[in-house]
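Visitor: Residue strings, one per chain:
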Amino acid sequence: MEADIETLAARAAAGDRPAFDALYERCVGRVYAICLRMSADAGEAERLTQDVFVRVWRKLGSFRAESRFTTWLHRLAVNEVLQSRRSDQRRLRRVEPTDDEVLLRAPGRAEVPGLRLDLERAIAQLPPGARHVLVLFDIEGYSQEEIGRMLGIAVGTVKAQLHRARRLLRARLERPEA
Amino acid sequence: MHHPHEERLQDYVDDLLCGEERAELEGHLAACAACAEEIRRTRELQHALRELPRELAAPAGLRAAINARIDEQPLREAPADAGMAPPEAGRRAIGGGAPERRVPLLDRPLRALRPALAAAALLLVALSTALTLLLVRESGPAVATVPAAGTPRMLLAVERPYQREADQLNAVLTAGREVLAPGTVRILEENLRVIDAALGEAREALREDPGNAAVLALLRATHERRLDLLRQATRWSQGT
Chain Y
1 MEADIETLAA RAAAGDRPAF DALYERCVGR VYAICLRMSA DAGEAERLTQ DVFVRVWRKL
61 GSFRAESRFT TWLHRLAVNE VLQSRRSDQR RLRRVEPTDD EVLLRAPGRA EVPGLRLDLE
121 RAIAQLPPGA RHVLVLFDIE GYSQEEIGRM LGIAVGTVKA QLHRARRLLR ARLERPEA
Chain A
1 MHHPHEERLQ DYVDDLLCGE ERAELEGHLA ACAACAEEIR RTRELQHALR ELPRELAAPA
61 GLRAAINARI DEQPLREAPA DAGMAPPEAG RRAIGGGAPE RRVPLLDRPL RALRPALAAA
121 ALLLVALSTA LTLLLVRESG PAVATVPAAG TPRMLLAVER PYQREADQLN AVLTAGREVL
181 APGTVRILEE NLRVIDAALG EAREALREDP GNAAVLALLR ATHERRLDLL RQATRWSQGT
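Residue numbers (this note's numbering), protein chains in the order written: chain Y, 1 to 178; chain A, 1 to 240.
There may be inaccurate statements among the hints.
As the list claims (entries may be wrong) - Now the stretches of chain Y that chain A is said to cover, found in silico as 3 or more residues with beta-carbon under 8 angstroms: (1) 41–52; (2) 150–163.
Unchecked claim - Partner residues are not named here, just some residues of chain A that face chain Y (Cβ under 7 angstroms, in silico): (3) Arg8; (4) Arg54; (5) Ala58; (6) Pro59; (7) Ala60; (8) Ala68; (9) Ile70; (10) Asp71; (11) Glu72; (12) Pro152; (13) Leu155; (14) Leu156; (15) Val158; (16) Val185; (17) Ile187.
To be verified - Just some of the chain Y residues that point at chain A, by a computed CB distance under 10 angstroms: (18) Ile5; (19) Gly15; (20) Ile34; (21) Gln125; (22) Arg166; (23) Arg167; (24) Leu173.
Simulated from the structure, these hints should not be mistaken for laboratory data.
Everything numeric in this text was worked out from a predicted model, so none of it was measured.
Ideal Cβ positions, reconstructed from N, Cα and C, are used throughout, including at glycine.
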């Protein structure tokens with residue numbers, strides 16, 4: 001029988017590498033999705049996902065299951081993206097959004113439906129601030145207060161960025177050539 | 001007609017309005033086709049966003065790259081807090097709790113680190129001596145280091161894997177004790193005592209300051225070195 005994620009996390013916390021490998025298999029798709037959608041850069045997303053899992057391995061010793069492992073992991077991934085953006089001078093230049101369909105493929109899916117691909121591309125082309133808020137609120141489901149704390153901005157700014165992101169997305173999806 | 005601000009419409013879509021505000025806005029929507037259309041389109045977009053897969057296929061080779069990085073530096077760090085908050089030193093804490101819950105290592109008072117730093121220095125000297133002697137002579141068995149009663153559960157959990165391996169090595173080492181020269185056994189035990197003293201100091205420091213990531217990292221490093229010594233001695237006791 002397949003062990004649940006909390007059991008795997010507890011075993012990995014005790015130094016069990018096979019359990020960590022199993023955790024990776026179960027969680028990498030979600031972590032990579034967070035990193036890719038927030039960074040809008042496939043190479044950067046790969047590097048960030050690496051960093052997240054290396055950090056998880058090193059920090060799992062403190063895992064005490066006071067909250068769900070996946071909650072901790074996903075927030076760690078968000079933090080990694082935000083920290084990288086703050087600290088990496090390369091991020092000062094505009095990143096080239098990924099337009100490779102393969103990179104946006106969900107596990108086990110043979111093809112990306114056209115509408116979904118358009119949406120993913122439109123998200124990737126949003127300005128970073130608006131994109132972060134949109135991904136965190138509309139896709140990842142964080143509250144506006146949580147997002148404000150994560151990004152170090154007021155809730156009013158979160159609302160403004162969310163509104164901007166949705167307006168830009170709608171414009172792009174309704175007028176693809178714009 | 002006076003239209004509500006667009007962000008207010010958005011709050012309505014996101015279900016963030018209180019009862020009175022909501023009722024007021026719904027009154028307006030019943031009479032305003034433009035705002036109702038705005039709501040419909042935003043909901044449509046929101047629905048499409050929520051339908052996006054939460055997982056995407058990670059690139060091939062990512063796992064191998066992660067494993068290689070872990071193998072390069074297998075030593076685990078210790079997070080400063082005892083729970084599940086994102087464990088990045090000096091970063092803003094996410095999802096509740098006060099920001100900046102952690103103090104960067106270099107900002108911590110040196111006083112808090114002094115016992116562990118002293119222990120680490122002593123440990124390095126002791127290990128150099130021990131390993132040098134082991135290489136030129138023979139090797140010997142060991143004693144176990146056991147956390148005292150009353151040790152916090154967090155600490156026990158951290159130390160358990162090390163203790164488990166140490167116990168296994170000690171069993172092998174005890175069986176091969178006769179192979180080793182008495183002088184080697186004495187030196188080995190002496191050096192293990194130094195390491196155990198360092199472990200004891202680190203545990204003591206962690207009982208006083210359980211969130212001290214630096215001391216927890218030193219505790220782990222000390223355990224790793226203890227295991228290295230035991231592994232080396234075990235190999236010698238087995239004639240390898």
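Visitor: Output the numbers, in ascending order, of every earlier hint that fails for this structure.
Guide: Numbers 3, 7, 8, 10, 11, 12, 13, 14, 16, 17, 18, 21, in rising order.
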